[in-house]
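There are 2 protein chains.
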Amino acid sequence: MSTSTRQITLRRRPMGWVTLKDFEIRETILKVPNSDQVLIRAIYMSLDPYMRGRMDATKTYAQNFQIGEPLKARVIGEVVHSEHANFNAGDLVHGMVDWADMSVAQGADLHHVDPNPVPLPYYLGALGMPGMTAWIGMEMGAPEPGETVFVSAASGGVGQIAGQIAKLRGCRAVGCAGSDDKAAFLLDELGFDAAFNYKASTPVLEALHTAAPDGIDMYFDNVGGTTLEAALDHANNFARFIQCGMISQYNLSREETMGIRNLTHINRKRIRMEGFIVGDHWDRFEEFMSEMGAWLSSGQIRYRIDITDGLENAPKAFISMLKGGNFGKQVVQIGPAP
Amino acid sequence: MSTSTRQITLRRRPMGWVTLKDFEIRETILKVPNSDQVLIRAIYMSLDPYMRGRMDATKTYAQNFQIGEPLKARVIGEVVHSEHANFNAGDLVHGMVDWADMSVAQGADLHHVDPNPVPLPYYLGALGMPGMTAWIGMEMGAPEPGETVFVSAASGGVGQIAGQIAKLRGCRAVGCAGSDDKAAFLLDELGFDAAFNYKASTPVLEALHTAAPDGIDMYFDNVGGTTLEAALDHANNFARFIQCGMISQYNLSREETMGIRNLTHINRKRIRMEGFIVGDHWDRFEEFMSEMGAWLSSGQIRYRIDITDGLENAPKAFISMLKGGNFGKQVVQIGPAP
Chain B
633 MSTSTRQITL RRRPMGWVTL KDFEIRETIL KVPNSDQVLI RAIYMSLDPY
683 MRGRMDATKT YAQNFQIGEP LKARVIGEVV HSEHANFNAG DLVHGMVDWA
733 DMSVAQGADL HHVDPNPVPL PYYLGALGMP GMTAWIGMEM GAPEPGETVF
783 VSAASGGVGQ IAGQIAKLRG CRAVGCAGSD DKAAFLLDEL GFDAAFNYKA
833 STPVLEALHT AAPDGIDMYF DNVGGTTLEA ALDHANNFAR FIQCGMISQY
883 NLSREETMGI RNLTHINRKR IRMEGFIVGD HWDRFEEFMS EMGAWLSSGQ
933 IRYRIDITDG LENAPKAFIS MLKGGNFGKQ VVQIGPAP
Chain F
633 MSTSTRQITL RRRPMGWVTL KDFEIRETIL KVPNSDQVLI RAIYMSLDPY
683 MRGRMDATKT YAQNFQIGEP LKARVIGEVV HSEHANFNAG DLVHGMVDWA
733 DMSVAQGADL HHVDPNPVPL PYYLGALGMP GMTAWIGMEM GAPEPGETVF
783 VSAASGGVGQ IAGQIAKLRG CRAVGCAGSD DKAAFLLDEL GFDAAFNYKA
833 STPVLEALHT AAPDGIDMYF DNVGGTTLEA ALDHANNFAR FIQCGMISQY
883 NLSREETMGI RNLTHINRKR IRMEGFIVGD HWDRFEEFMS EMGAWLSSGQ
933 IRYRIDITDG LENAPKAFIS MLKGGNFGKQ VVQIGPAP
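The listed protein sequences derive, respectively, from chains B and F. Be aware that the first sequence starts at 633, since it is given in my numbering, and climbs by one per residue. Be aware that the second sequence starts at 633, since it is given in my numbering, and climbs by one per residue.
Any given hint might turn out to be false.
Identical copies carry no separate label here, and so any pair may be met within one copy or between two of them.
[As the list claims (entries may be wrong)] Each computed BS3-like pair below joins lysine-lysine, with the alpha-carbon atoms no more than 30 Å apart:
{"no.": "1", "residue 1": "Lys901", "residue 2": "Lys663"}
{"no.": "2", "residue 1": "Lys901", "residue 2": "Lys704"}
{"no.": "3", "residue 1": "Lys663", "residue 2": "Lys653"}
{"no.": "4", "residue 1": "Lys653", "residue 2": "Lys799"}
{"no.": "5", "residue 1": "Lys663", "residue 2": "Lys955"}
Since the hints were derived computationally from the structure, they do not count as laboratory data.
Working from the sequences, and respecting the hints, build out all of it.
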């Protein structure tokens, strides 16, 4: 048996902003699955901001992508052929595989997916890595009922969940996003108490004063930069700043990066600023799935997904996402759902 | 009974760097102590970096100084006359009073001082607010034996204690200070494992690589700016950054302040950066006094004090301290010790 597939590889490491020329699409023949391996047909593929770091030469917490090799992503797929005892042809699975139509993976790295309780792509979002990221971060920030929680990139894959958890915890949820439509979505669809478009003419700090008149007790930061500086200015004493990501800075060189000039607030306001990576917390995955699954089934948490069609459009979708072009969790549909 | 005294007042709020023109010295007649008040003759007065914030118009955590009114400081003094039941003439006391030869204070705001166990000025340093600041900050950072603790302004009033507590906790203590003499003092007198002069020609990050070859697990930050940026670059995963102060930035406008451009390390390295103010922890004062008193009596912790003579020289000493001119905890001797 030999299988042909398209793969998207890293052609070169991007300098600054990612461009289409940093990717290459190729046709290749896959090796036959060995013992314990599984051949998968991709259905949905997740694009996430942290992948930008994996394109650089510097290894961070995630292994970096290799030039000339396929990029990797979390994928929902269907088992085509299995040499692993836990999987059979036709099974729906979830795992980190190639940006490709077809991949060979170690069975040990795959997990079954149940298509019944929620839409399949949710396993790449609300019920997957981004959802668990929001869940862990909100636990770290530990907001009390009545406190104000500010979330940036609030209509994104992580931010949607963070803000809705804040509401479930009895907090006032304030979100910012990159368009008037997104801000309206946060208010009207997700139940945020206040939301604003950070790209509008009103400076972020002024918008924050209006949206959070009692100040900020917890900030769930997905963006860094100007928004982080404004959040520090507007923070209350003993605020918790949970640093999930800084997407506004990912495509800038060290020299271009915006320096944060008001860190003395950390001292004066006794702020705790803490970074985290969801991968340190996988031992909590079952607990997360149980709680989030219940919230999604009951409709207490809603989730918007932005689907781009076609593997060949994944690089464009990834670049667009880094610029805020997505509206909801970014997913690429590679093949038909069963 | 009427008492004449010299007082140093805030003539105007400094713009940027403090200058001698921001102070005024005047001769005045004190009001006679009311019921529950005490008249004090100052012996030693503490000068501390946080006072710079009190000179600004913006109220931070400490009440700001008022133009035309005496500046305030922690003072060790002798009771001259008491209308409070707890104090008698001749008692040695400690409290927040005027920059002056003589002050009238509420008895309730004063504490007795025992001159026997340690030198009197220690109550303004190792056994006072700066010592407790170091003690609380080291508890927050909670370094484990074998970890590397980096302390900036390490020969200052707080830094000396922080580094020596790190040693007592079984850590590797690394300090930086503003001269070769200070660095030698940290190594030879206080037992730091490594120390460097941050004003030397070697860039701070390079000096840190040499002084802390295994990276930094905890950073006790007294300075902010370039040193903070280098510490973030050189931090290990899960490092704790305890933000005590940022003296390098206190005399700069918001526009002049150095922006910190590598905060993405907080996310990638899962760093916890936490600010604190010792005033939130006074309920721990007895516990602190007991532990620190024992360390000082046994010689396990040593402490260097830099004494400037004469109330009239306090403004000059304060300005010098903000520029790192002091070598050890800065104290002004106002009158003779008994």
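Hints versus structure:
Taking the shortest Cα distances, Lys901 and Lys663 never come within 30 Å of each other, neither inside one copy (58 Å) nor across copies (37 Å). Taking the shortest Cα distances, Lys901 and Lys704 sit within 30 Å of each other only across copies (22 Å), while inside one copy they are farther apart (41 Å). Taking identical chains as interchangeable, the C-alpha atoms of Lys663 and Lys653 lie at most 30 Å apart only when both belong to the same chain, with a minimum of 27 Å there against 80 Å between chains. Proximity of Lys653 to Lys799 under the C-alpha cut-off of 30 Å is found in neither arrangement, the shortest distances being 42 Å within a copy and 53 Å between copies.
Taking the shortest alpha-carbon separations for Lys663 and Lys955, neither the intra-copy value of 36 Å nor the inter-copy value of 67 Å comes in at or below 30 Å.
The structure shown violates the earlier hints numbered 1, 4, 5.
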